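Peer 1: As a plain string of letters, each chain reads:
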Amino acid sequence: MAELPQRQTDIGPPHYEKFLPPVIKKNYGQWSYHEVLSHGHMVHTAKSGDKIWTVRVASPRLLSTTTIYEMCDVADKYCGGHLRFTTRNNVEFLVSDEKNVTPLMEDLKKRGFLLGGIGDGISNIVHTQGWVHCHSAATDASGLVKAMMDEFADYFTKTSLPARVRIAVACCVNMCGAVHCSDIALVGVHKTPPRINAETLKNQCEIPSTISSCPTTAISPDPKTKSVKIKLEKCMYCGNCYSVCPSMPIADPVNDGIAIVVGGKVSNLRSNPKFSKLAIPWIPNNPPRWPEVVAAVKTIIDTYKAGAKKHERVGEWVERIGWEKFFALTGFEFKAQHIDNFTFARETFRTTSSFKW
Amino acid sequence: MGKKYATPLLDELKKGAFPSFVTEIEKAAEKTEYARDLLGLLEQSYREKLTHWKHGGIVGVRGYGGGVIGRYSDLPDKYPGVAHFHTVRVNQPSGFYYTTAALREVMGIWDKYGSGLTNMHGSTGDMVLLGTNTESLEAIFAELSSRGWDLGGSGSAMRTPSCCLGKSRCEWACIDTMALTNEITQHFQDEMHRPAFPYKFKFKVAGCAVDCIASIARADMSIIGTWKGDIGIKQDEVANYSKTMDIQKEIIDMCPTGCMTYTGGKLSIDNSNCNRCMHCIAQMTKALSPGPERGATILLGSKAPIVTGALMSWVIVPFIKLEPPYEEFFELVGKIWEWWDEHGKNRERIGELIERMGFPTFLKGVELTPHPAMIKSPRRDPFFFWDEEDIQR
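Listed in order, the protein sequences are those of chains A and B. Just so you know, we're using the working numbering here: the first sequence kicks off at 18 and counts up by one. Just so you know, we're using the working numbering here: the second sequence kicks off at 773 and counts up by one.
It is worth saying that the hints were derived from the structure and are not from the lab. These numbers come from a predicted model, not from an experiment. C-beta: ideal position from N, C-alpha, C; glycine also. Each hint should be verified, as a subset may be incorrect.
Some residues of chain B that are not near chain A, with every Cβ distance over 10 angstroms (derived) [as the list claims (entries may be wrong)]: (1) 800; (2) 896; (3) 1036; (4) 1089; (5) 1092; (6) 1104; (7) 1114; (8) 1129; (9) 1153; (10) 1164.
Listed below are several chain A residues computed to face chain B (Cβ distance under 8 angstroms; list not exhaustive) [as the list claims (entries may be wrong)]: (11) 118; (12) 120; (13) 224; (14) 228; (15) 273.
Throw the hints in and build the complete structure from the sequences for me.
Peer 2: See below:
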């Protein structure tokens, strides 16, 4: 191997200023307003009168270098070599010359990029690694995202909803990403306790940290096997023990599945940020296209679209009509699993006789 | 190079309108054995409904305790290309802006040593280079760092801070999110690269209450821009909006505090009752703007549900000016980390520690003054503690 260049440590990331388009550098902190021109592009106007057009396209987040080079080719041609990514993993091409906007959009379409994701629709789905790269995944994430976004592509490219609908996918309850405060989120869940491999556990795992990893104190030492045992009725299948101890695998192809939670948001617009709450506790894992999951999400979106007022997010709509009404309108079965019996349970019980039939 | 394995299930996911991750892996498989074997392994997962990745082993680069996530397949003999499939977290520039030259440079390095697959970007914000072997790590790091790139955080350390694009393109940004994020990252390089905390600690910086970076849900410290003073109103622009919008219905009636009126074509705001939710500004951005005194609210504690339930960050500093050199801010972070270091258990997030020890105990420990903005309501039980100086002896 050729000699390597001299490494440096603790230099931190490159300074962002090096990467800003000139019009952004010039008008930094001096923007006046923006206008959404379509689901795929918008324009920001600075106090100086300068403008910058943004053209947004979808991304599966998992990108090959080949595709990134192609994005670079496009940005070189129309954007002076500037592009950025959004917090929801879309790609934005930044144009300072208006005459480049239409040719850029045409070129992107011709190359097969999907323009959209701006405004009151469904933007890119934030998601985790799933079977592509994670040891604790109860389902795949990229496949669920692809199956859903194919179904809801029109809400990305052209059709508006009452407000933004932020969807997220977490392949297990570790929930890398802001899944627990999304309008609609899918979460990979287990239904069966971990299996203990006593033979490997004694060498592979630290017993005190394995015991303390359990939120329900279901795990205790098993001196006979120099391993641990699980009080099965206490286990809630969170998989945290497996995170610290590989000898307690919890994945179960038959019983692992998807839970759907709804009504969360992170913005403070109108109402306070909200957690997402359980709509469906379990749907079977059915790759490659998870039709039951896609159908359930479609039911939520259709019901929301029909019932919400303009600007109302999913959670705001549900809180206005009431959760009892949400279950009635969606037809989702209400089960014992919907009733909280964990940390925050008492705050969720209805302490009034007012509710809707 | 053609395909190594038949992948009928994954092939289904190449169809449809949305860009396909399978197509991306196939593009990389034109170049690397990693990606070719990833297709085989992933097809098997789709067939069996089971992941084929093992726990990460301890791998990394010399002098760092994080930034690389070890990943091994449990079928190394069947798919040798992904026997090792480690992740390299490259610290992204604030705001996720790139020049094509910079991106091409990183991708060139990755094509030389890795799978040709990336995540743009990971949940925490890093540019994620997905899949390489242990032997290549030092070379990748030398190539990256000699060109001005560094690794992000992992493990029980400060994680790579990230932010919305703030003042670079948004008229609502009340603080310079990109400058602050860069400053935090540079200030705490040691805390990021050499894990020494009880558990992870994440910073996310949002320019306003719209919170496009989701800081309130997924940062141990959430910094959210806001203002004091009156919302700016341009009545002529309000008049323009009235031609396309029902201002009474969409703005006045949806204001959560009822502090706005619209009579005789004139919009008025009782700013003393405004809670700065941003709805009116977001809907009428040409007419309304955040008030003149800009700063941020600092909130602490959010995390995902593991272990005892998800938390959202709560207010610990109602208002702070955040301007260079950010002395007051860094002093506060230092006190919080010291208190966490002293009291936190292994794998206990700061939010969980505050729940265990009590919010008043935390405030005292880090010398913050209690303020009604910190709570939704005062306590409803009569079980409260007093200090020795409150008691007559």
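Peer 1: If a hint holds in the structure, say so; if it does not, say that too.
Peer 2: Hints versus structure:
With a cut of 10 angstroms on Cβ distances, residue 800/B falls inside the contact zone with chain A, its closest approach being about 4 angstroms. Residue-level check failed: residue 896/B sits 8 angstroms from the nearest beta carbon of chain A, not beyond 10 angstroms. Every CB of chain A is more than 10 angstroms from the CB of residue 1036/B (nearest about 24 angstroms), matching its label as outside the interface. At the 10 angstroms boundary, the C-beta of residue 1089/B stays outside the reach of chain A, the nearest C-beta of that chain being 16 angstroms off.
Against chain A, the non-interface label of residue 1092/B holds: every CB pair exceeds 10 angstroms, the least being about 17 angstroms. Distance check for residue 1104/B against chain A: the nearest CB is about 21 angstroms away, which clears 10 angstroms, and the non-interface claim stands. Taking the minimum C-beta to C-beta distance to chain A, about 19 angstroms, the non-interface status of residue 1114/B holds against the 10 angstroms cut. Listed as a non-interface residue, residue 1129/B keeps its Cβ farther than 10 angstroms from every Cβ of chain A; the least gap is roughly 17 angstroms.
Even its closest Cβ contact with chain A, about 13 angstroms, leaves residue 1153/B beyond 10 angstroms, as expected for a residue assigned away from the interface. Non-interface status of residue 1164/B relative to chain A is upheld: no Cβ of that chain comes within 10 angstroms, the nearest being about 37 angstroms off. Taking 8 angstroms as the C-beta contact cut-off toward chain B, the hint placing residue 118/A at the interface is violated, the least distance being around 16 angstroms. Contact between residue 120/A and chain B, as hinted, is not supported at the beta carbon level, the nearest pair being about 17 angstroms apart and thus beyond 8 angstroms.
With 8 angstroms as the threshold, the beta carbon of residue 224/A stays out of range of chain B, its nearest partner Cβ sitting at about 14 angstroms, so the hint is violated. With a least beta-carbon distance of about 12 angstroms to chain B, the hint placing residue 228/A at the interface is violated under the 8 angstroms criterion. Because the closest C-beta pair between residue 273/A and chain B is about 7 angstroms apart, less than 8 angstroms, the hint holds.
Hint compliance for this structure: hints 1, 2, 11, 12, 13, 14 are not met, and every other hint is.
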